[in-house]
Amino acid sequence: MKKILLLVLSVMCFAQMACADIDRTKATAMVENLTKEGIEKIINSTSSQEEKNKVFKQLFTENLDLDFIGKYVLGRYWRTSTVQQRKEFIDLYKEFNVQTWSKRFDEFKGKKFVFNGTGSANNPNQIYVNTSVPVPDGQPIDVKWRVYEHNGKLKIIDIIIENVSLAQTARNEYTSYIAKSPKGVEGLLENLRSKIK
Amino acid sequence: MLNKFSRYVAILTICGLCGCAGTKENCENMPEETSGLESYNRAMFSFNNKVDKYMLRPVAKGYKAVTNEYVRQRVSNFFNNIDEPISAVNHLLQGEFSNSGNNLGRFVINTTFGVVGLFDVASSWGMEKNKTGFDETLASWCVPDGPFLILPIMGPSTPRAATGFVVDGYSSPAYWIAQESGGEDAWLVYYSASGLKYLNLYAENMSMLESLEEGSVDYYEAVKSMYLQNRKKIKTCGVDAVETPDYDFDMDDMDDDY
Numbered sequence: 000m001k002k003i004l005l006l007v008l009s010v011m012c013f014a015q016m017a018c019a020d021i022d023r024t025k026a027t028a029m030v031e032n033l034t035k036e037g038i039e040k041i042i043n044s045t046s047s048q049e050e051k052n053k054v055f056k057q058l059f060t061e062n063l064d065l066d067f068i069g070k071y072v073l074g075r076y077w078r079t080s081t082v083q084q085r086k087e088f089i090d091l092y093k094e095f096n097v098q099t100w101s102k103r104f105d106e107f108k109g110k111k112f113v114f115n116g117t118g119s120a121n122n123p124n125q126i127y128v129n130t131s132v133p134v135p136d137g138q139p140i141d142v143k144w145r146v147y148e149h150n151g152k153l154k155i156i157d158i159i160i161e162n163v164s165l166a167q168t169a170r171n172e173y174t175s176y177i178a179k180s181p182k183g184v185e186g187l188l189e190n191l192r193s194k195i196k
Numbered sequence: 000m001l002n003k004f005s006r007y008v009a010i011l012t013i014c015g016l017c018g019c020a021g022t023k024e025n026c027e028n029m030p031e032e033t034s035g036l037e038s039y040n041r042a043m044f045s046f047n048n049k050v051d052k053y054m055l056r057p058v059a060k061g062y063k064a065v066t067n068e069y070v071r072q073r074v075s076n077f078f079n080n081i082d083e084p085i086s087a088v089n090h091l092l093q094g095e096f097s098n099s100g101n102n103l104g105r106f107v108i109n110t111t112f113g114v115v116g117l118f119d120v121a122s123s124w125g126m127e128k129n130k131t132g133f134d135e136t137l138a139s140w141c142v143p144d145g146p147f148l149i150l151p152i153m154g155p156s157t158p159r160a161a162t163g164f165v166v167d168g169y170s171s172p173a174y175w176i177a178q179e180s181g182g183e184d185a186w187l188v189y190y191s192a193s194g195l196k197y198l199n200l201y202a203e204n205m206s207m208l209e210s211l212e213e214g215s216v217d218y219y220e221a222v223k224s225m226y227l228q229n230r231k232k233i234k235t236c237g238v239d240a241v242e243t244p245d246y247d248f249d250m251d252d253m254d255d256d257y
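These protein sequence lines are chains P and Y, in that order.
Be aware that the first sequence starts at 0, since it is given in numbering that gives the first Met the number 0, and climbs by one per residue.
Be aware that the second sequence starts at 0, since it is given in numbering that gives the first Met the number 0, and climbs by one per residue.
In case anyone wonders, no lab produced these hints; they're calculated from the structure.
Computed from a predicted structure; not experimentally measured.
Hints are not guaranteed to be accurate.
What the hints assert, rightly or not - PhoX-like mimics (lysine-lysine), calculated; alpha carbons at most 25 angstroms apart, straight line:
| # | chain 1 | residue 1 | chain 2 | residue 2 |
| --- | --- | --- | --- | --- |
| 1 | P | 108 | Y | 49 |
| 2 | P | 53 | P | 194 |
| 3 | P | 194 | P | 86 |
| 4 | Y | 130 | P | 102 |
| 5 | Y | 60 | P | 102 |
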C-alpha cells in the first residue's frame, strides 16, 4: 500500500514538475531588457545603419526561438518536407525576418513600452508578457509577447500586436503560398532566396 | 459620385448580410472564403494595389512633404472629434451608457477648449478615447461578420464592416451639415474633408504598408490574416473579445527535428 502511495506521489510530483509554471518575473525581465536594449542600442543610437543591423540581428536571434517559430510557420508542410528543405527554410526564415524588421526601426522612434503584467497561455509552459505602446492618436497599442521555457532558457515564440499574431499571420501566408505553388515547399524556398539581399 | 458609390456598397453589403440571414449557425459555418470569392478578392486586391501605387502613394508622399507630424496630428484630432457623436450614438445602441456619456463629454470639451477638436484636451483630463461604430453595434446585436471581402479602393472588409462604414458615413455630423446646407459648395467641402481624412490616415500608415508588402511572400494572404485576427477584438453578442489568439503551439509536428 505504501509503495502504491509513494508511486502515486512520485507521479504527481513529476507531473507538477513537468507542468511547472514559467517564472513570470524572469520572463517580464527578459522582455523588458530586450525592449530597453533595442531602444537604447538601435532606435536612439547614433551608430551606423550597418552597426544597428548587427545589434538587431544579435538581439533578435538571441531572444526569439526562430527554429520553433519557423517550424510552426511551415505548419503541416514541415512533416512532408525533406531534412535539407527544413534546414534551408529555417535559415532563410531567420535571415528574411532580420532583413524585414531592421527596415522598421524608424517606426519605433519616440515610442516606449509600458509593462502591464503577465497573462496565462493555454500551455503552462508558456505565458504572455503584456505591454502597451502609447501613441499620440488613439488608444495605446496592445503588444503581447508569448514566452516559453526551453532547456532552462526563456525565449519569445510570438509577438501579438492588437490581437494579430505574427507567427499565425506568417503561418497562414506561407502555407497558402505553398498550397498554391506548383513546386510546393521548393517554390517557397525559391521565393525567399530571391527576396534576401 | 461618392454618394452613388456609397449606396452601391450599402446595397452590396446588405445583400451580403441577407445572403447569410437565418440561423446564426448557418453564418458561422459559412466557409471563410470560397474559391470564387477568393478569385474576385485577389483581382480586386491587385487593382487596389495599382491604384495605391500609382495614385494614392504619390499624393500621400506629396501631402507628407508639405505637412509635418504636428499638422497631421491636428488633422487627425479634428476628424476624430467630428466622429465622437457617432461613437456616442453607437455606444447607446450597444447599451454602454457611460461610454456614450464619455464620447459626448469629449466632443463638448474638445470642440470648445480643444479649438474645434484640433487638440485632444479631454484625454489629458482623463476622458480616454473610446471609439466605436455601427460595425461594433451590429456585432453586439449578434449580426455575423460574413466572409472576407476586398472592396474597391476601400480595401479589406467584411459585409458587416462595410455596412458599418456606410452607416457611420451617413450618421456623421459632417454629412448632416452638408445635407442641411444643401448647396454644391457644402458638398464640395464635405467630400474634400472626407478625402483629407483618409489621405491623412493613409499618409500616417504608408511606410508600414510598404514594409509589410516587402516582407511578405503572399501580401494578400498576410493582409487577410491580419485583418481577420484583428477583428476578433470586437465584442460580439455581449461576449468579451478574444483576449489572445486561441491557437495551440503544441503541434505534434514540433517533435520532428531536422
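We went through each hint and held it up to the structure:
| no. | hint | in the structure |
| --- | --- | --- |
| 1 | 108(P) x 49(Y) | 30 angstroms, violated |
| 2 | 53(P) x 194(P) | 19 angstroms, holds |
| 3 | 194(P) x 86(P) | 18 angstroms, holds |
| 4 | 130(Y) x 102(P) | 31 angstroms, violated |
| 5 | 60(Y) x 102(P) | 18 angstroms, holds |
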